[in-house]
Amino acid sequence: MKFKSILTVCFLAITMLSFTTIKESTSYKCMIQMINYTGENAYVVISLINPEGEYEKTLYVQGDDDEWYHDISEWWKFYGKKRSSIDAITGETIAGGARTISVLEIEDSKIDAGYSIRFETAVEDQEYYTKDVEFLLTSESVKSKKEGTGFIRYVRLMPN
Amino acid sequence: MTISIWRYSHLTLAVSSFVFILLASITGIILAFQPISEKLEPYKVSNFENITVAETISNLKEKYPEVIDVQVDASHFVLASVITNDGESLNGYINPRTVAFIGDKIEVSKFFKWVTNFHRSLFLKGIGRFFVGLCSFLLLLIAVSGTVLILKRQGGLKKFFSKVVNENFSQYWHVVLGRLSLIPIIIITITGVYLSAEKFDLLPKSSVNHTVDFESLSETPKQDIQDFPIFKNTKLSEVKTIEFPFSEAVEDYFTLSLKDKEVVVNQFTGETLSEIKTPLVTVFSNLSLNLHTGKGSILWSVILAIATANILFFIYSGFAMTLKRRKSKLKNKYKKDNSKYVILVGSENGNTLPFANQLQQQLIKAGESVYIAELNNYDIYSKAEHIIVLTSTYGEGEAPTNANVFLERLKTVKQVQEISYSVVGFGSLAYPDFCKFAFDVDAAMQLPFKQELPIFTINDKSVTSFEEWVTLWNKNRKLPISISKEKLAVKPRLNNTFTVVDKTKAEDHADSTFLIKLKPNTKRFTSGDLLAIYPKNDYRERLYSIGKVNGKVQLSVKLHENGLGSGFLSNLNKGDLFKARIIKNTAFHFPKKASKVILIANGTGIAPFLGMLDQNTKNIETHLYYGLRQNASFNLYRDVIKENYKSKKFTKLKLAFSREAPKNYVQDLLKQDALFVAETLKNNGVIMLCGSLAMQNDVLAVLDVITTENLSLPLSAFIEKNQIKTDCY
Numbered sequence: 158m159k160f161k162s163i164l165t166v167c168f169l170a171i172t173m174l175s176f177t178t179i180k181e182s183t184s185y186k187c188m189i190q191m192i193n194y195t196g197e198n199a200y201v202v203i204s205l206i207n208p209e210g211e212y213e214k215t216l217y218v219q220g221d222d223d224e225w226y227h228d229i230s231e232w233w234k235f236y237g238k239k240r241s242s243i244d245a246i247t248g249e250t251i252a253g254g255a256r257t258i259s260v261l262e263i264e265d266s267k268i269d270a271g272y273s274i275r276f277e278t279a280v281e282d283q284e285y286y287t288k289d290v291e292f293l294l295t296s297e298s299v300k301s302k303k304e305g306t307g308f309i310r311y312v313r314l315m316p317n
Numbered sequence: 003m004t005i006s007i008w009r010y011s012h013l014t015l016a017v018s019s020f021v022f023i024l025l026a027s028i029t030g031i032i033l034a035f036q037p038i039s040e041k042l043e044p045y046k047v048s049n050f051e052n053i054t055v056a057e058t059i060s061n062l063k064e065k066y067p068e069v070i071d072v073q074v075d076a077s078h079f080v081l082a083s084v085i086t087n088d089g090e091s092l093n094g095y096i097n098p099r100t101v102a103f104i105g106d107k108i109e110v111s112k113f114f115k116w117v118t119n120f121h122r123s124l125f126l127k128g129i130g131r132f133f134v135g136l137c138s139f140l141l142l143l144i145a146v147s148g149t150v151l152i153l154k155r156q157g158g159l160k161k162f163f164s165k166v167v168n169e170n171f172s173q174y175w176h177v178v179l180g181r182l183s184l185i186p187i188i189i190i191t192i193t194g195v196y197l198s199a200e201k202f203d204l205l206p207k208s209s210v211n212h213t214v215d216f217e218s219l220s221e222t223p224k225q226d227i228q229d230f231p232i233f234k235n236t237k238l239s240e241v242k243t244i245e246f247p248f249s250e251a252v253e254d255y256f257t258l259s260l261k262d263k264e265v266v267v268n269q270f271t272g273e274t275l276s277e278i279k280t281p282l283v284t285v286f287s288n289l290s291l292n293l294h295t296g297k298g299s300i301l302w303s304v305i306l307a308i309a310t311a312n313i314l315f316f317i318y319s320g321f322a323m324t325l326k327r328r329k330s331k332l333k334n335k336y337k338k339d340n341s342k343y344v345i346l347v348g349s350e351n352g353n354t355l356p357f358a359n360q361l362q363q364q365l366i367k368a369g370e371s372v373y374i375a376e377l378n379n380y381d382i383y384s385k386a387e388h389i390i391v392l393t394s395t396y397g398e399g400e401a402p403t404n405a406n407v408f409l410e411r412l413k414t415v416k417q418v419q420e421i422s423y424s425v426v427g428f429g430s431l432a433y434p435d436f437c438k439f440a441f442d443v444d445a446a447m448q449l450p451f452k453q454e455l456p457i458f459t460i461n462d463k464s465v466t467s468f469e470e471w472v473t474l475w476n477k478n479r480k481l482p483i484s485i486s487k488e489k490l491a492v493k494p495r496l497n498n499t500f501t502v503v504d505k506t507k508a509e510d511h512a513d514s515t516f517l518i519k520l521k522p523n524t525k526r527f528t529s530g531d532l533l534a535i536y537p538k539n540d541y542r543e544r545l546y547s548i549g550k551v552n553g554k555v556q557l558s559v560k561l562h563e564n565g566l567g568s569g570f571l572s573n574l575n576k577g578d579l580f581k582a583r584i585i586k587n588t589a590f591h592f593p594k595k596a597s598k599v600i601l602i603a604n605g606t607g608i609a610p611f612l613g614m615l616d617q618n619t620k621n622i623e624t625h626l627y628y629g630l631r632q633n634a635s636f637n638l639y640r641d642v643i644k645e646n647y648k649s650k651k652f653t654k655l656k657l658a659f660s661r662e663a664p665k666n667y668v669q670d671l672l673k674q675d676a677l678f679v680a681e682t683l684k685n686n687g688v689i690m691l692c693g694s695l696a697m698q699n700d701v702l703a704v705l706d707v708i709t710t711e712n713l714s715l716p717l718s719a720f721i722e723k724n725q726i727k728t729d730c731y
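Here the protein sequences line up with chains A and B, keeping their order.
According to the working numbering, the first sequence is numbered sequentially starting from 158.
According to the working numbering, the second sequence is numbered sequentially starting from 3.
Think of the hints as simulated: they come from the structure by calculation, not from any bench.
Accuracy of the hints is not assured; some may be wrong.
Derived list of chain A stretches under chain B, where covered just means 3 residues or more per stretch with a C-beta under 8 Å from a C-beta of chain B [stated by the list, open to error]:
hint: 1; region: 202 to 211
hint: 2; region: 256 to 266
hint: 3; region: 306 to 317
Which chain A residues stay away from chain B? Per the calculated CB distances, all over 10 Å, these [stated by the list, open to error]:
hint: 4; residue: Thr183
hint: 5; residue: Ser273
hint: 6; residue: Tyr285
hint: 7; residue: Thr295
Sample of chain B residues at the chain A side, in silico, Cβ under 8 Å [to be verified]:
hint: 8; residue: Lys65
hint: 9; residue: Tyr66
hint: 10; residue: Glu68
hint: 11; residue: Ile70
hint: 12; residue: Ser91
hint: 13; residue: Ala102
hint: 14; residue: Asn119
hint: 15; residue: His121
hint: 16; residue: Asn211
hint: 17; residue: Asp215
hint: 18; residue: Glu245
Remember, it's a predicted structure, so these values are computed and weren't measured experimentally.
The beta-carbon is built from N, C-alpha and C at its ideal position, and this holds for glycine as well.
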């Protein structure tokens, strides 16, 4: 009996612990739909922007050939200095007209706290859009669809 | 005639692109190991081919609250991106049946990424990609021109894969490996060019855009995912990617990318909303990528690695050959119009040049004026008295590149004074058209000039043979030339070992002749081939005609006083070992098919015939004419020949004894049998001669009379038809 109750307590404790750690951040499904442009595939960098408008964290990079990274110049100023490992959050470049779904991890403390999410896009020998899509992270906006201004037609976000 | 153009293109292309090709090859070899290392991971499940899309999708849906997508790679590893019940995002390999995660996504290592980058663009981005693509194309052209050169060399498509004659290391392996890696290299280059062309928008862009009629989308009739016909009927092995619906709204759908099409499927009803065939360009792109990188197949990756390593060897051996060709340039001390002697050289690979240079130097040393030139540069030589032609033959009896217009020039360039000439042909008995071009030149020069010495042929750069010719020529010209053998000597490749198994003693024979039987470490020879021995282990070579008896090499040797070769062989004892080599002599093989064969020999010339009789298992009608000094001379062979007669290996033997009554020679026997000989030749029979040159001359003269009188044809008509085969010394 005693043993069983200890086990239950332990189990509860573990679930509570894991529950709290997990709740610190949430996975979001993010779909990027591109416009029908011609040319090379696009590099898309998704970043978390702090209330001061500065880069806080790289959330995802569509494009795994780092030889081109410094052409995404605004982001490169932030990322290029430290070059933290982004292997786990890199995907392939996106072709015109195509769409991609990726999973973003965003800390819960950043929602409704003045932080924004930024999608910047660049295509070789074409435009570079620093703010193709950018919007404030709120509990409403994380389950919405936002139109793009450059190579992106729209972005859809959905919490898990 | 166009060899030079092809060779020139082959070389020019190689020179202009070899740096890039070198870099791309080295990195390419390294990259071949990437798919190998990936494929070795244990992520493929058994009976993968039987798994349906429905099975995997429904299992995934059941186990995970969110599924983003599923990818199947070339190795049939299944990669899934999901969000677990704990809200954790997972991206890795799954077992497509149990959908349990079995491994993390293989991240291409930094090293391979770096090498890939270098391989693709040399870190020069767009410009680099262009250069690499261009060089890939150039390599393709090199492969094509190389193929043409091999075709020319081997003498046609049918002989493309026949044996290559080993003249020297670089050349031999350049050709042999070139043939073997031709197809992989062509595939590598074509796919490489294709992949580059794709990068530069040279191919029609294709994008798959589905048009879905969102107005008519319906959630009913709802079906379970595992019952969707499209999922049930599609095997996972056909899939490239499956994209799951973004949300549970009916506007979001499954996107199923298969090898040949992309299908959009309603997530509730399983209805196909749109279907687009994969454009051909994309199919080719995927094919190119897989063929170029070896993705998904260890075997192909290994083949690619080997073929690419061969490219490195081609760069090395190609340059080695080119440098060798360049090294042997011709230099002159005397002007062409001041020289008494003119040496004309024809050489494909520069092998003949050292002989020509040596002759020139020694003539100058003897105080003579000499001018040396390539055959193609044949010109008017106003003071010339004698022209020496030293030439090799290329391919199937064609002229070497630097002699291919000589026969034309000979007709147009007219010399004023009277000139005599001698032709020396260089070649290899291993080719059927031994010294053919030299014979053509000799025949063509008989018209305007006076032949001083009959054509002399040299097998396999033999210094000894060249020395023989120089001696003959000296005698005629009353010159004291002696060539420096050390400069010409090429260390022979002695690839065969021979063990003495039986030997008679020269002292026991009336004419100091003995038979020696050797056990070789090869079976690839036949009667009529030559055994080259090097008694002093230097350039000095002695050739013996081989008789193949019971798989052994049998020689008949006459011991000469101070004889280099005969002395060496005579001193051997049973059980002794020595190194030597066998030279193929296709021109003197027993005919495979013939109505009748007449074998004519004197002295030790019987050796190859003893083997041919032994090998005559088809019992082709064979007649033997054999000349010896005396009856006792025949004792050495009597028993075997009797044995051969009993087993019907030959029909008739006629002996001539030159020192015993009635004192006659083989040619006398032939005269007696003139009608029989004529009949044999008329019916496409073959006559083979082996023995002394004196006998050869006498016999050929008698045969000429016989054919002219009985068949109204000169003997040359039969020589041309290969009905007369000789091997005399």
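Consistency of the hints with the structure:
1. 202 to 211: violated (count 0)
2. 256 to 266: holds (count 4)
3. 306 to 317: holds (count 3)
4. Thr183: violated, 6 Å
5. Ser273: holds, 22 Å
6. Tyr285: Label holds. Min Cβ-Cβ 16 Å, cutoff 10 Å.
7. Thr295: Threonine 295 of chain A clear of chain B: closest Cβ-Cβ about 19 Å, beyond 10 Å.
8. Lys65: violated, 15 Å
9. Tyr66: For tyrosine 66 of chain B, the interface hint is violated, since the closest Cβ of chain A sits about 10 Å away, which is over 8 Å.
10. Glu68: For glutamate 68 of chain B, the interface hint holds, since the closest Cβ of chain A sits about 5 Å away, which is under 8 Å.
11. Ile70: Holds, because the Cβ-Cβ distance from isoleucine 70 of chain B to chain A comes to roughly 5 Å (cut-off 8 Å).
12. Ser91: holds, 4 Å
13. Ala102: violated, 19 Å
14. Asn119: holds, 6 Å
15. His121: Result: violated, 12 Å to nearest chain A Cβ.
16. Asn211: holds, 5 Å
17. Asp215: Not OK, violated: aspartate 215 of chain B not within 8 Å of chain A, min 18 Å.
18. Glu245: holds, 6 Å
Hint violations for this structure: numbers 1, 4, 8, 9, 13, 15, 17, all remaining hints satisfied.
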